[in-house]
Amino acid sequence: MAIIEAAGLRKVFRSLERDPGIGGAIAALFSRTYEEKVAVDDVNFTLEPGELVGYIGPNGAGKSTTIKMLTGILVPTAGVLRVAGIVPYTHRMANAANIGVVFGQRSQLYWDLPLRESFELLRSIYDVPRDRYLQNMKHFAEILDLDRFLGTPVRQLSLGERMRGDFAAAMLHDPRIVYLDEPTIGLDVVAKEAIREFIGTINRERGTTVILTTHDLADVERLTPRIILIDEGTVIFDGLLERLREEYGTHRILVVSLAETYAEIAVPGAELQSREGAVIRLRFNRRELTAEALIRRVTERYRITDVSIIEPDIESIVRRIYLEGYHDGTVGAPS
Amino acid sequence: MSALGDLVTPKVRFRLEPYFQFAQKAMAREATYRFDVFTTVASVLVRVYLLRMVWVALYLRNAAPTDLPLHAIITYSTVALLMGLVMDIDQTRILHDNLHSGTIATDFMKPIIVPLYFFSDGTGEVLFHAILIVPSLLFSLLIVQIDVPGPLVLAAFALSCFLGYMVGFCINFILNCIAFWTLEIHAARLIVTWVTDLFGGEIIPLVIFPAFLQKVAFALPFAAMFSTPLLIYIGHIKPAGYAAALGLQVFWLVVLGFAATIIWRAGAKRVIVQGG
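Those protein sequence lines, which keep their order, are chains A and B. Going by the numbering used here, the final residue of the first sequence carries number 335, and the count climbs one at a time with no gaps. Going by the numbering used here, the final residue of the second sequence carries number 1276, and the count climbs one at a time with no gaps.
Among the clues, some could well be false.
[Stated by the list, open to error] Once the Cα atoms are required to be at most 30 angstroms apart in a straight line, the calculated BS3-like pairs of lysine-lysine come out as:
no.	chain 1	residue 1	chain 2	residue 2
1	B	K1238	B	K1110
2	B	K1110	A	K192
3	A	K37	B	K1110
[To be verified] Far from chain B, some chain A residues (derived; all Cβ distances over 10 angstroms):
no.	residue
4	H91
5	R130
6	E276
Hint data in this document are derived by calculation from the structure and do not stem from the laboratory. Beta carbons: idealized from backbone N, C-alpha and C, even for Gly.
Input sequences plus hints: build the corresponding full structure.
Put into structure tokens, the structure is as follows:
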């Protein structure tokens, strides 16, 4: 049975509309006009227990609003929401016991206290049995390498250390579901990798259901086969990353190092994308032309020393979808 | 859409333990600012000394009111300054801070009763500062002499102090709740501080105000914070008047507690509907 179900989820914010300046502020005291902003329009998805899904979208697409509704701190305007059989916003406290949350931009650790004391406080809040707490702490200290700074006040930690602390804090009570909102933002590559490793581990070993919101598509590529793309408050794609790549990543690039200098380069079926010295880049549609055929055409015309193929990266695919909209597999199909 | 599964109606057991922990951690947090401890005690001593000078000078030039001799007013202002160590703390500042930084959202994502969390945290902070009363009192005794009343009066004073603290908590809580709408409460806080200083009886005993101003001051809730316990301490309120004095404090506590509940609910609703 699904652990998270969202059906027709909608959230409309009402904000006071007023003219700029002091005059506008005073006028707003007397006559109020409200502006409605649809943050989440119609979101539908289901998650099975133990799934790890990337929840992707541009800024303002409604990602954070969805997460807030899932955590029970925001009441939807319409739609149905169930998290582990609970309606989050009517049973905020019970829902809170089931979930763990990590925000890349803000910490749930206690600023002035050593990291260790934040963990003890959380143990008490979530009523984690002592032995389970020690077991978890030992495990997390090992994979997140926490021991070095457990006694350091949180405000003195580096961003990477703080994030590792936040991850341990979110997982201490063995939540069934964790929401990760931009967890790798601002981290260096080493810290990013450590965090990704940790997310993968808890998902695999503990069967924790994970919703991962991120701008860094490398997080997603590394961690999850399934993504949900949201734009303007609506889910525009829900499925395997691989499928998205197949439908949209129709163009590959053949990089060729030429053995001689040629005045003009032209290969039928491919478009010359760039030319730097002896290295040329040829863009081609893999549905129209196989790599093997293209290489043959190139070698028939020019003497070469080396070739390599660049696959389309997920980043550029997603960028293209934001710009063009999703067309359900029709884009780039052979005509 | 599939059938949405069995709806669970969960029960959450209330445990007091986390709230003790919040208070304890708040005390530990306050203790990390050690320099603050010295400056706080020093500032009390300076004020004790200055107020004594002021009252002595004033009484030299004027006839002392019959019911408020010099030793009584010096006792009054010294005890007031010691009370201020606890009462002047805005225990619920954390609410404003968390609204400002947006961490209020993470507070709501935890299985805790959020206002009770603020209360525990603030009380822990206050308890730490209450410890400072001891050294402040000892050093103050080097500067001034303080009257010490009998056990009945001290007991009534302690009870009245507790009620005054709770009234102060409600006032601060309401004040910080304003941040739900405005985010910034600096001006409102200044006004409340001035009004409390003037009408709370912390600096000047309300009984030496002109009759009209006395009426105003005693009709406001601020008198419940400082004036009532202090007038009990110096014996201006006699045991026969305890019931009425304490009753009035309870009245204000109920009224402000009710107001605080309403304004909190409205503010919290704003967060969950408007997203803060």
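Hints, verified against the model:
With a C-alpha separation of about 48 angstroms, the suggested pairing of B/K1238 with B/K1110 is violated against the 30 angstroms cut-off. A distance of roughly 26 angstroms separates the Cα atoms of B/K1110 and A/K192; the hinted pair therefore holds under the 30 angstroms criterion. A C-alpha spacing of about 28 angstroms is found between A/K37 and B/K1110, which places the hinted pair at or below 30 angstroms, so the restraint holds. The non-interface label for A/H91 is inconsistent with chain B: the shortest C-beta to C-beta separation is roughly 5 angstroms, within 10 angstroms.
Chain B leaves A/R130 outside its interface by the beta-carbon criterion, the shortest separation being 12 angstroms against a cut-off of 10 angstroms. No beta-carbon of chain B comes within 10 angstroms of the beta-carbon of A/E276; the shortest separation is about 47 angstroms.
When each numbered hint is compared with the structure, violations occur for hints 1, 4.
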